[in-house]
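> Since chain A is already given, all that's left is putting chain B on it; use the hints.
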Amino acid sequence: MTGRRLGKGGLIDRGRPLSFRFDGREIQGFAGDTLASALVASGVGVVARSFKYHRPRGLWANWAEDPNALFDVALDGVTRPNVHGATTVLEDGMELRSVNAWPSVRRDLKAGLDLFHRFLPAGFYYKAFMWPDWHLFEPSIRRMAGMGRVEPGEPGTPALNRHDRCDLLVVGGGLAGLTAARAAAEAGQDVVLVEDHPVAGGALHGFGGTVDGLTGAEWAAAQIAAIRAAGGRVMCATTATGIYDHRLVTLVTAAPFAQAPRLCRMRADRIVLATGAVDRPLVFDGNDRPGVMSPFAALDLLGRQAVLVGSRIALLHPQPEPVAARLEAAGASVSIHDPAAERLRVKGRKAVTGLCVAGCRHGCDTILAAAGSTPLVNLWCHAGGKLDWVEASFVPGEGPEGLSVIGAARGTSDDDAIREEARQAALGAALPPRGRPASGLLPNPLRGRAWVDLQNDVTTDDIALAARENFTSVEHLKRYTTLGMGTDQGRNSNVNGLALMAQHLGRTVPEVGTTKFRPPYVPVPLELYGGTRTGALNHAPKRLVLEPQHRALDAALGEYGGWLRPAWYARTEHAGRADEAVAREVLRTRQVAGILDASPLGKIEVMGPDAGAFLNFVYYNTMATLEPGRVRYGFMLTERGAVYDDGVLARLGPDHFVVSCSSSHVVGVMQHLEAWRQDGHDPDRIHVHDATQAWATVTVTGPRARDIVSDLGVGVDLRACAFPHMAIREGRFRSAPARVSRVSFTGELSFEISVPLDRARILWSAALAVGAPMGSGPLGMEALSILRAEKGFVIIGQDTTGDTMPHDLGFAGPRDRKTEPYVGDHGLQMEVARDPDRLQLVGLQVLDHAPKLARGAHLVRGAASGRPVSEGYVTSSYDSPTLLRPIALALLARGHTRMGEAVTVWHMGELRTARVVPACAIDPEGGRMNA
Amino acid sequence: MQRFTCPFCGLRDEREFSFAGESGKTRPDTAAEVSDADWSAYLFTGTNPRGRTDEIWVHTPCQEYFRMIRDTVTMEVLETVPLRRDPS
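Chains as they are written, first to last, in my numbering: chain A, 1 to 931; chain B, 1 to 88.
In isolation and in its complexed conformation, chain A is listed as follows (with noise of 0.2 Å):
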């Protein structure tokens, strides 16, 4: 291919020239190229290496169907990989390297493996990498497959999302797409017109002549500001890349290089698509040659881009005056031939030479062959549209419900009649009957190399042995193949798989099918979808009222359960030995106090006349009987009578209650509890709050909490016999309310302390206050979990998994006593439920004195024989601070029949011995919180 810019014409602006490199070499261009349209001005011929063969490919399309033009570009310090060169704008100094390609295109040192083709069919490597192992293989063939490099660590740029709606969207800006937002807007209608070239006009530049007297350019510039009066809107460079359920699509906009692409997801009550159609390639020897092109492409080149491709042109088209005379009148000389002639053959090896049709040579430096052309109907088929074989192309047939398609894409193809269909569909009126497309011709399974797909690198050879192999089925064929996968999604490919495999089984096309078409239309980055929802954006943790006061005490936070909560303090003390931070937050409050913020703890309030019943239903432990002012502790159970949540449940009279479910667990408890109030109880006597949030709560917990708690006023009586463990009493701190109760999840006598959030601040300084002269202090999260563990009580989704079952942790009372029905009863009597070797929860001591036990670790059983399988494994293990000695809890089959046994531990090849003990290692007569 010659390729040069004329003097003259195109949408080009020659005052603006911009210089870029390709594989070293400096090139110009103008603003208003493409990545590919600037080389193919400069007579580059050869753009790209292919996939499999690695064999020369030049430009076969000017717009997003061309499979060769793809580069590794970089600019100002930004490097993306497989930038599709015809869609992609230049911009002044971006360095291109061409992939799949060294040291360059022209001479690629892999070239030679063409050679071998007869040995690298479809699917060689299932065949010949099998044995001994194709792990073997694998990492050499993936290095000599695939294409462009990424950059490690090159940072991503957030996309920009936005919604919107409109009465119509019409897709795609030519003749068709124009007329019908122009006739639409003026009837009064909310219509968005999306153009994914940057200047409107479809195939009006292409053609070159004149619409109602103007040129293609001036004539859209018209219809836009027509559109744009009538108060339509327009968004050039833009595609709409799919259409989804209930008519969303999503229209993604170009930006410049270095930025990312922005993403509206459009609603609208109706669509036009007037998405045009590209050439079908034309199957023959050798059609995969840089300089064998798309008759479109050229004229298209010629029309936006002022670049004539060559000098002397073979013309193979079952339509080619009008091509012809384009390209005649802007200088070249054109020889016409019959697409339909028998043994066709290319001459040239990285250029073209010449044609030869039927042994008779035809010198040309440049190829313009199609076989017809195949209306672009991907958003169709993503909305559910169906297809019609008519004249050897898919055109679109049964559809939804507001869609339809127009022009090109319908497989019209005369001016007046397009503009009769654009301006019926823009008023949402029945289209006129479809007149019978072009025709177009059907390749035959033929001799010599002759590419269906050529970014993969498939050709008539590989079809035929998909036929013979039986991958028949379309789908089969795809991916046996590859036919169809690269960037385009088989736009070029797929109609002449489709026929070569129909012709190898006797069938015709429609009855072969096509693969399902899918979205993105177009290549996009995933960095799109994710928009600018990365980071705390994505997954924000709630934040603690008192986090102020936590940061004053340096403490280190984490996130727990969805709460950005204090993990220890005095982090800086402490730095490089968190562990002693923590050890001493734990042995302070065993033996003055800890000082808690555990306001993330559950506060449902559940109230009205049918309350208890409905908690006696969602509660596996019977809360019938709980009396005002007490406190039970409670699981959840799932139907299947899975342990759900934990928690205590607080009966403040005799028709409110308050759930206090774990900190991690309020959004499902809340939903597990609306649920069954609203599908199955009288939702009229049941109310359910979500309090959490209203209320900052500070526990208070260790051997001199009450003294601590006694000096802050809260207007309750403290003493054991007036206020018990598991109690709960109301009374006030400096004027508000404040809600008291007796729960201990440390082991220790403990006050929980619920204020408003404003009294929050006040009460957090004044109980350290009054603590630490006693020697008490703050507790964070990590000393709380060792607390926790000594004491034997477990953490939902740590401690459990999602089979375990109330019994499996030692509560088998209301299962076997509890009378009213309840959510899981009968879960909790199927067989699974009664298998003797379920897990079951125990703790374990370690016997040889070593460090403490991994978590995860395997209890396994047959280590000896080289071959164990496992019985369980460790939930939570720490060095108790206490008991100066490592502690775990696990799940064991069995494990509560096996106290006192030794068990083997299995951690990542080495052997440990632990003894099977009671969870609870700490004070198991409860005398420390009862006090």
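Hint data in this document are derived by calculation from the structure and do not stem from the laboratory.
In silico negatives: residues of chain B with every beta carbon more than 10 Å from chain A: (1) GLY10; (2) THR53; (3) GLU79; (4) PRO87.
From the structure, some residues in chain A lie toward chain B, with a derived Cβ separation under 7 Å: (5) GLN678; (6) ASP679; (7) PRO821; (8) ASP825.
Not the full set, but computed from the structure, chain B residues with beta-carbon under 7 Å of chain A: (9) MET1; (10) GLN2; (11) ALA31; (12) VAL34; (13) ASP36; (14) TRP39; (15) LEU43; (16) GLN63; (17) TYR65.
Glycine included, every Cβ here is placed at the ideal spot set by N, Cα and C.
What follows is chain B alone, placed relative to chain A:
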């Protein structure tokens, strides 16, 4: 992405909703004898029809459960009604 009409809040994106179950499933009365087969059917067996379905969904922001009649082939939403009202 689909759009559903919450009977209380109006038309919203699918992402605001969660499926809660098929309509018309009643919990076996566990105060009486329940066979394992009945319990399994209650927990695990759905009719999963092709075409018109009658389901219970929840609109997460308002936490209201409601009935939705929709078509699983065309994705058309035929009706959404509060739980305590019958569909037309």
